[in-house]
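If you're matching them up, the sequences are chains A and B in order.
Each residue of the first sequence is one higher than the one before, starting from 1 at the first, in the numbering used here.
Each residue of the second sequence is one higher than the one before, starting from 1001 at the first, in the numbering used here.
Check the hints yourself; a few may be wrong.
As the list claims (entries may be wrong) - Derived Cβ-Cβ restraints for the label pairs, each shown as a range:
1. A:K310 with B:Y1059: 23 to 33 Å
2. A:K310 with B:F1133: 54 to 64 Å
3. B:V1111 with A:R198: 43 to 53 Å
4. A:G217 with B:Q1280: 43 to 53 Å
5. B:L1071 with A:D362: 54 to 64 Å
6. A:E80 with B:L1071: 55 to 65 Å
Stated by the list, open to error - In silico contact screen, one side only, chain B against chain A (beta carbon under 8 Å); selected entries:
7. L1010
8. G1103
9. V1109
10. Y1123
11. G1179
12. L1211
13. T1212
14. A1255
15. F1256
16. G1261
17. T1263
18. L1264
19. A1266
Source of the hints: derived by calculation from the structure; they are not laboratory data.
We put the beta carbon where it would ideally sit given N, CA and C, even for glycine.
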Amino acid sequence: MRREGLINLVVAALLAGTAVTGAAQAAEVIKIGAVAPKTGPLAGGAAITHWPNIQLWVKQVNDRGGLKLKTGQVKIELIEYDDRTTPGETIKAVERLATQDNADFLIAPYSTGLNLAAAPIYAKYDYPLVTSTSITDKVEELTKRYPGMFFTLGDTTSFTKSVVDIIKKAQDEGKVGKRVAMVNVADAFGIELANAARPIFTKAGLEIAYDRSYPLGTQDLAPVVKAAKAANPDAFVAWSYPPDTFALTEQAKIEGLDTKIFYTAVATAFPGYVGKFGKSAEGVLGAGGINPDTPQMQAYLKAHKEVTGKDADYWASAVVYATLQILEKSIEAVGTKDRKAVTEYIKNNSFDTVIGPVKYKDQNNEAFWTVGQWQNGVFQGVASTGRPGAKPVALKPAW
Amino acid sequence: MDIVITGLLLGGSYALIAMGLQLQYGVARIMNLANGELLVAGAFGAFWFFTAYRVSPLYSLLVVVPAAFCLNWLIYRYLMLPLVRRAKTSGHLEVDSILATFGLSFVLVGVMLAIFGGDFFNYSFLARPVIVFGDRYALNRIVAFLASALLCGSLYAWLHATRVGLNMRAVSVNPSAAGLVGINVSRLSALAFALGGAVTAAGGSLLSMFLTFDASIGVIFTMKALIIVIMGGVDDIRGAITAAFILGLAETAVAFLIDPGLTLAAAYLLFLLVLLFRPQGLLGRRKT
């Protein structure tokens, strides 16, 4: 009885095996792997910025018949893994995609840290790693070490420099004083930005009147905002993450911390920010921004809403989508699943994307938005490193 | 004064996070590691009522709390009771329940992800300043504090003034002896577990007025609740409440007077000191 069961099992497995190979022969597919948080501390950000764009892109490509290779059009088979926001899990999932699932190409992971963790494994299997949510000042070092790694979102110093420039300009025009209150979340991201900002503030002749950090995950920020207000600042700058961005803004409203320049970093560009704060969001500055006026961007925002049922954010969403466009165009131009050839193609060509033309110079995109501002319900780009369409910065009205 | 009030408000939130776990662990002897997920579920409930029907989170408690009570009763009845029956010693039950609820926490995260998606969610409710002794505080935090005080007070009164409460304390002190004097231990444990879950969900609903949540944030609340319950001493609800307020005041004092970056360090230092010098908890009884 038992043996019979075993034989049945083996036969069934063999049949299943042939069924799978039969289907594969009938319609060739291109396997694309995606690893990013679906749970864990960064899952909230990934659910807004990262995953919906993958869903949108795969649907759009498959709806028009798939990617055009020399052998004909092939549909995308998407393989997704949740890395639980743990670098070890990211690495394991990438290994698995490469060796078990035999993925042809991989989409970049989410966030700076997870991209850095996965970079050696991408390099080991020659996958191009076109990052979209990675900000660091170590671009040069990393691109030298990993010849298939590309940076699209920008670098830390440019992000801080744009913020300082905005405050400095307002001060030069006599609109605000020179006292700045600066706070940061105490993790790699916040610390790196705060460290980059301090010398730039000082060099610009601005005075850092308050400078403190708070632990990652803290949402009880009354003491921080009270102390910042007591320092009597003219500008408030927070290198913050989503939950604390919301908490700082709400607390600033309650304390009446009414600076004419108010900047919170990540999540200010989320549609949920204006959703929660409504008219109070007007004039708030944050990391990122887009140029909402180009026809490509308008078509993208509309498609994003239609396909995923939610609004794209006003910063990295479009960048994630742009990197997928770059991957798509490169694979089609090369016409095969040859990863090294695709990497070479990305290095040497210019791409017309939703965020405008992208041309990697030494694997780095040098034109990106750095600061945006809520103006009439849209998070407009107000500062960039060479993207056209920046709107002038407005002073924030009272809450 | 500012430090005291801000600290009390924070302590009130902590009490909301920890009271439910205290009941579940103190009486039912289940170390519920899915506590944070149930709190997040309560927050989701309030969020859903508020955004879909514009129902105030205070009114939606009327639905969220009974629903959480039933859900937790079912969890106890079908997931925990088999473990309780099988356990030979209380240590055995502790290990089994930790493993089972740890697994349950993943299931709950998955269910919430499937229903609500992985986004951040929050809303604005009573986000207005109120002036108390010349300083400004958020009205929603004050409301949460008052609700927390009300819950603490009524739970304490119920445990000390009613017969069921007396029975519950008896189970908490010595389950086997309580059984010998005619108390239905497993029914009371189920009641305590369900009540604890309902209190936790109520806490989640109240905290959702000012915190930003996502489906997988629960573990942060579980950690905080664990620290508070162990600091307070597992067999007395007053211990957890005291520990919650001490922690709130200490963190706020450190944030104001020293550095907001050190709040977590201060909390763990306090925890360590309690473990070193009063391992049975602030109000815990030494095991005889």
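Discussion item. If you test the structure against every hint from before, which numbers come out violated?
Written reply: Per hint list: 2, 4, 6, 8, 11, 19 violated.
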